[in-house]
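Colleague: Read off the chains here:
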Amino acid sequence: MSISPEPMYTVLLVDDNQDLLQAMSFALEEIGGFRVVCANDGVEGLELFFEINPDCVVIDVKMPGLSGYQLVRAFRGDSSSLETPLIMLTALAQDKDQFAGLAVGADVYLVKPVKPQILAATIHQAIKESPHERTRRYQELVENENPPSTF
Amino acid sequence: MDQSVLDIPLKPPPAQHPTPVACLASLRGKPFLFLPLGVLVILGLMIFIETQVSGTLYMAVSQVSPAIALGLAFSGTFWVCLRLPKGQARLAWSCISLAFFTYFVAQSIDAGISLAGSVLPLLSLAELLFIPFYPLLIAGLLLLPSPSLKRGSRGRLLVEVGIITIAALGLSFLTIIAPLWDISTGIDVFTKVLLTTYPLGDVALIATIVLLLLRTTESVMRPVLFWMALGIGLFVYNDSALYILSLHNRALSNSPFIDPFATGGELLMGLSAWFYLVHSTEPGSLWTWLTHTRETTFRAPRRRWFAQYVFPYFPLLLLLLFLIVREQLPSSQQTAAYILEGLALAAILLTITRQIILNRDLVDAQVANERARQLDALKDQFITSVNHELRTPLMTMQTYVELLRFRQKELPERLGKLIEAIGRTNDALVDLVQSILEVRRLDQESQDFSHEAVNLQNALEHAIALINPREGNIAERVLQVDFPPGLMVWGETVRVQQVLTNLLSNAIKYSPPESTIEVSARVVQAESGKRAKPARQRATIEIQIRDYGLGIPPEQIPLLFHRFVRLPRDLASNVVGSGLGLYLCQNLAKGMDGNIWVESEGVPGKGSTFHILLPLAEAGVDQQHTEKIAVAYAG
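Heads up: the protein sequence lines correspond to chains R and Y, in order.
For what it's worth, my numbering labels the leading residue of the first sequence as 1, then goes sequentially.
For what it's worth, my numbering labels the leading residue of the second sequence as 1, then goes sequentially.
Where hints are given, some of them may not hold.
Said to hold, decoys possible - Part of the chain R face toward chain Y, derived, beta carbon under 7 Å: (1) N17; (2) L20; (3) A23; (4) F26; (5) A27; (6) A91; (7) K112; (8) P113; (9) K115.
These are computed hints drawn from the structure, not numbers from a lab.
No residue lacks a Cβ here, since even glycine has one placed at the ideal position from N, Cα and C.
Please model the complete structure; the sequences and the hints are all you need to start from.
Modeller: Written as structure tokens, this is what we have:
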């Protein structure tokens with residue numbers, strides 16, 4: 001009997017602030033044990049998403065060009081990205097923005113500044129609860145003839 | 001806040017050994033009446049002495065004593081000048097000091113002449129030096145910096161003083177002077193006019209001071225103005241009595257019941273300078289009573305009514321009176337008649353000028369009001385945008401700090417300590433930014449608090465636990481709690497805890513580590529009857545949190561509950577604060593149908609008492625007992 005190791009999840013970060021992107025990337029790799037891919041704007045984020053199919057996406061709301069909200073709607077509009085957990089990260093905390101974020105289809109709405117441990121924990125939780133992750137686990141079950149004892 | 005007399009610190013005294021000021025300062029706290037009582041005693045003494053002596057000895061006493069009094073007054077005002085930093089306040093006090101100096105010189109010349117044994121001529125060079133006293137003193141008083149007096153108000157004040165002086169002159173002319181005018185041939189016209197200037201100058205001075213007293217709000221200036229007014233009051237008596245007596249007797253007349261009052265007046269005016277040096281704001285003193293009287297008797301609406309409906313029409317009434325009297329005057333007194341007409345005309349002109357100035361001030365005020373509203377909206381926008389901009393770099397920094405903390409074990413201990421320090425500062429910064437966010441949220445969300453019965457004792461214990469060790473001195477603070485057990489309030493648990501945490505935190509921050517903090521609660525019974533205010537018709541609980549720190553100057557209390565306001569004294573100190581705590585508390589308290597206010601005398605050591613009013617949840621109140629809880633913060 002083998003205990004299947006905790007899989008390494010892939011996280012896509014989308015933020016227009018390069019410094020924050022770098023910081024979050026380091027922290028999530030170190031503290032959260034994720035594999036992190038960075039995108040500097042919405043368009044790049046869209047492209048990278050369909051390229052690498054991450055387990056979770058963290059999106060900044062206020063970005064020039066394709067804004068965070070529009071990005072979320074794009075993701076939710078596509079059947080392949082429908083179930084990936086999306087976390088919106090923003091400095092704006094007014095209630096109506098929060099409501100707008102959730103109505104658009106994001107899963108979690110975090111207000112900056114967020115400690116990297118909290119971000120990592122939120123990502124973990126969002127992934128574990130998402131339909132995307134559920135699907136993948138079922139798939140692993142099917143693919144492995146011996147069910148993993150950790151299930 | 002504008003720079004006011006309150007904010008201008010006096011430079012420290014040059015020498016270390018006890019100065020006269022230090023000796024006077026040690027009198028702080030004792031009733032100040034004994035100094036003016038001393039003046040009264042001196043007055044009595046002088047009257048007695050002067051009734052006993054006569055001739056040149058009398059002249060010597062009655063001329064030398066004012067000189068001494070003036071010397072004291074001059075030295076007091078000069079000392080104030082020396083201790084003030086360069087600026088408008090110093091200029092004002094220099095004028096006042098110069099006024100006393102010229103008067104002192106004039107009086108000394110007169111004293112010299114009397115001591116030499118000669119008879120004092122009616123008109124000497126000294127007379128010329130007496131006169132500048134009035135314009136210099138008025139100029140000095142008007143120059144005193146005072147944010148409650150706008151620029152236009154000073155001009156208007158001068159005009160009003162002019163009106164009052166003319167009215168005084170006119171009325172006294174009518175009633176006293178005119179009958180004596182042509183009779184007294186012993187004194188020439190020029191001298192008669194000159195003698196008039198003194199009482200007039202005194203009236204102008206006292207009018208200036210009274211108007212200033214009614215219009216300025218700085219508590220520091222009130223004792224100064226009050227004692228000056230009293231001193232000038234004695235002068236008015238002295239000069240008027242002298243004038244009338246002289247006109248009667250056709251020669252310059254002295255009397256032991258008139259002359260000492262000049263000295264008394266000068267001593268009192270000198271006292272005002274010394275009071276300014278000592279800066280007394282002790283409660284229970286004479287000017288607290290004066291302030292109270294001013295506020296209740298000469299209430300602002302009453303003052304406004306008087307200024308709007310009575311004062312402008314006063315010169316018109318005078319004109320009518322003068323015209324009527326003019327008709328009655330015999331033809332031999334045409335000069336008097338012309339003088340009366342001239343006076344009435346001058347009064348009308350001054351009234352018109354006053355109205356013009358008022359209108360201009362009104363327009364200025366409207367423009368300023370509009371601008372203030374715009375700035376307020378701009379300020380909100382600015383705070384929101386800055387807040388927003390701050391968050392991203394803050395998060396970047398926080399992420400790196402947390403990364404370092406995560407790997408702290410791998411670093412040498414010294415570096416680990418540095419990282420810990422950075423981490424703490426970072427946390428403080430985040431707290432500050434979050435509290436600004438809290439305020440914005442409270443501003444915008446509607447007050448839909450969910451109400452429940454909250455146990456006060458539990459709330460207090462939680463509040464104590466929630467106090468940020470960073471905000472309070474990490475020391476053992478003695479907390480004296482006096483809560484009737486089982487006390488429940490109607491509100492939201494978290495909110496009640498928040499208010500208590502905030503107030504306790506403030507009490508700890510702003511009071512010395514050795515002092516006690518008292519927390520007590522009592523039930524305020526509901527008021528019955530139609531006259532009870534709606535908020536008081538239910539039973540409420542009043543919680544009091546008392547600290548023994550520096551206290552809050554009473555005139556700054558209304559500002560405390562505004563956003564981002566911290567007292568100037570606290571901004572300059574090491575104490576950390578965002579100026580939002582009390583604003584939040586007030587919002588929360590009002591949202592729970594309660595209220596919050598503070599009482600403080602502004603005296604260090606007596607501290608302040610914060611009162612919170614919240615609705616009572618149920619009538620489960622047992623007998624009271626006091627507990628002393630020593631609360632230790634392990635940090």
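Colleague: Enumerate the violated hints, using their earlier numbering and listing them in ascending order.
Modeller: none
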